[in-house]
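Chemist: In case you want the letters, here they are:
Number of protein chains: 2
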Amino acid sequence: MGKFNIEDYIAQLSIDCVIFGYKNKELKVLISKLSYGENLWSLPGGYILQTESIDEAASRILRERTGLDNIYLEQFRAFGGPDRIIGSEFRDLVRAGLRNFDSNRFDDEAIDWVTSRFVCIGYYALVDLNKVEPRIGEFEEFLKWVSIDELPNMTHDHNKIVAAAHKALRQNLDEKLIGFNLLPEEFTMREVKELYEAVYDREFPMNNFQKKILGLNVLERLGKKFTGAQNRAPYLYRFKK
Amino acid sequence: MGKFNIEDYIAQLSIDCVIFGYKNKELKVLISKLSYGENLWSLPGGYILQTESIDEAASRILRERTGLDNIYLEQFRAFGGPDRIIGSEFRDLVRAGLRNFDSNRFDDEAIDWVTSRFVCIGYYALVDLNKVEPRIGEFEEFLKWVSIDELPNMTHDHNKIVAAAHKALRQNLDEKLIGFNLLPEEFTMREVKELYEAVYDREFPMNNFQKKILGLNVLERLGKKFTGAQNRAPYLYRFKK
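So the sequences go chain by chain: A and B. Numbering (full-length UniProt numbering) for the first sequence: 1 to 241. Numbering (full-length UniProt numbering) for the second sequence: 1 to 241.
Rather than coming from a laboratory, the hints here were simulated on the basis of the structure. Careful: at least some of the hints might be erroneous.
Pairs count within a copy or across copies, as identical chains cannot be separated in the list.
[As the list claims (entries may be wrong)] With a cut-off of at most 30 Å between alpha-carbon atoms, the simulated DSS-like pairs for lysine-lysine come out as follows:
id	residue 1	residue 2
1	K160	K241
2	K23	K131
3	K176	K212
4	K160	K176
5	K193	K176
6	K211	K160
7	K240	K167
8	K131	K33
9	K3	K144
Using the sequences and the hints given, assemble the complete structure.
Modeler: Pasting the structure below:
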């Protein structure tokens with residue numbers, strides 16, 4: 001990779017992405033294991049090119065990390081305490097890591113730039129987890145889907161950012177009918193119900209739930225799902241585009 | 001005023017404030033007449049000191065413009081297209097205005113800084129309009145309360161920012177019970193209802209509305225409002241702290 005040109009980007013402003021997926025009845029978040037040291041986890045993120053909007057930057061960062069275009073994403077909040085300067089101990093690890101990396105890519109000026117105070121704009125994304133092929137960024141060892149209840153301590157305020165994204169998702173799930181972005185194209189009513197239960201962390205009685213969702217008139221009913229026991233097979237649904 | 005030191009602030013990142021007030025049954029916004037040219041209006045805003053959080057910056061900017069501490073304010077969205085560089089014609093006016101101002105305060109470097117591309121973080125504030133003493137910023141002639149339905153075309157995307165703030169206010173008014181910040185300390189039920197009608201731009205039948213608001217158990221009933229006709233005098237209420 002060539003030189004990291006700090007002039008290409010807006011300084012002190014980053015985008016962090018809370019990428020939500022859904023599997024095994026659990027709401028999951030895609031997080032990165034950083035290579036700067038032991039046990040360092042963070043949200044995937046990046047910087048904003050001078051030539052792109054903040055929404056375009058978020059889409060680009062998500063495409064780079066998931067291989068997916070046209071991801072559902074929503075900006076939910078900016079985070080910006082003066083203590084959002086990378087904490088001193090972590091800052092030293094990052095500076096050492098960048099120094100040992102490749103001075104043709106990160107010179108002293110770039111290292112100062114990367115380790116300065118950042119305000120971050122938070123976006124959350126909803127993806128069909130089965131379609132994602134996570135791709136590591138620089139200074140990351142691997143990416144991992146983790147249940148939202150089992151997240152490790154992450155760098156900076158990233159746990160707070162996930163909590164705020166989860167709150168925004170709960171507020172928007174009903175109103176904007178965005179939950180279907182977390183499911184495969186075809187799904188049963190039970191799967192929708194279980195998704196809602198995972199997001200809200202409470203149970204919904206099936207009869208009421210089905211009545212409410214069907215009443216929204218946004219689902220198209222397909223054939224029955226083949227299970228072997230034809231008489232008890234559930235219907236498959238698809239979200240009307 | 002001394003030199004404007006660009007090192008004191010985060011570059012390319014501003015805060016714009018949608019200050020909502022309520023009077024004569026109308027939701028109003030405080031806007032600034034700029035001194036750079038004819039018919040130039042904008043939202044009050046400012047920059048973020050390296051030493052303060054973005055929330056602190058918003059509070060400081062609001063205090064500087066309204067004279068009020070402890071204003072209810074809420075961050076609602078960041079705005080950041082690459083075309084949020086000050087539009088070329090307006091940019092020229094700003095550059096000319098800054099050049100003619102005082103070169104001890106704005107040198108060439110500061111002029112470039114001020115007229116570069118900015119991402120803005122939007123905050124809305126709810127104030128008791130009667131308590132506000134609007135104070136102009138540099139390059140402003142005066143501030144003015146304007147009904148949200150009668151706003152002039154403003155610079156940049158400021159009309160869009162007001163629309164987004166209004167949407168966020170509607171979403172939060174019920175849920176967070178923040179509307180009382182727009183009223184004087186004591187108010188009648190009719191005044192609360194008229195406030196809600198102004199924010200949502202629709203009518204609420206009095207009986208249902210009163211029942212709903214009283215059911216929230218957040219209001220303290222005081223004496224009757226003296227009107228001369230004692231038997232028909234409405235009760236006064238106060239928000240429970």
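Chemist: Now, for every hint given, state plainly whether the structure supports it.
Modeler: Tested hints:
1. Taking the shortest Cα distances, K160 and K241 sit within 30 Å of each other only across copies (27 Å), while inside one copy they are farther apart (33 Å).
2. Within a single copy, K23 and K131 get their C-alpha atoms as close as 12 Å, which meets the 30 Å cut-off; across copies the closest is 53 Å, which misses it.
3. Proximity of K176 and K212 under a CA criterion of 30 Å is satisfied in both settings, with 14 Å inside one chain copy and 25 Å between copies.
4. In this homomeric assembly, K160 and K176 come within 30 Å of each other (Cα to Cα) both inside a single copy, at 23 Å, and across copies, at 21 Å.
5. Proximity of K193 and K176 under a CA criterion of 30 Å is satisfied in both settings, with 16 Å inside one chain copy and 28 Å between copies.
6. Proximity of K211 to K160 under the C-alpha cut-off of 30 Å is found in neither arrangement, the shortest distances being 35 Å within a copy and 37 Å between copies.
7. Both within a single protomer and between protomers do K240 and K167 lie at most 30 Å apart by alpha-carbon distance, with minima of 26 Å and 26 Å respectively.
8. For the homomeric pair K131 and K33, the shortest alpha-carbon distance inside one copy (21 Å) is at most 30 Å, but the shortest distance between copies (51 Å) is not.
9. Taking CA atoms no more than 30 Å apart as the test, K3 paired with K144 passes inside one copy only; the shortest distance there is 28 Å, against 49 Å between copies.
Against the hints set out earlier in the document, a violation occurs for number 6 only.
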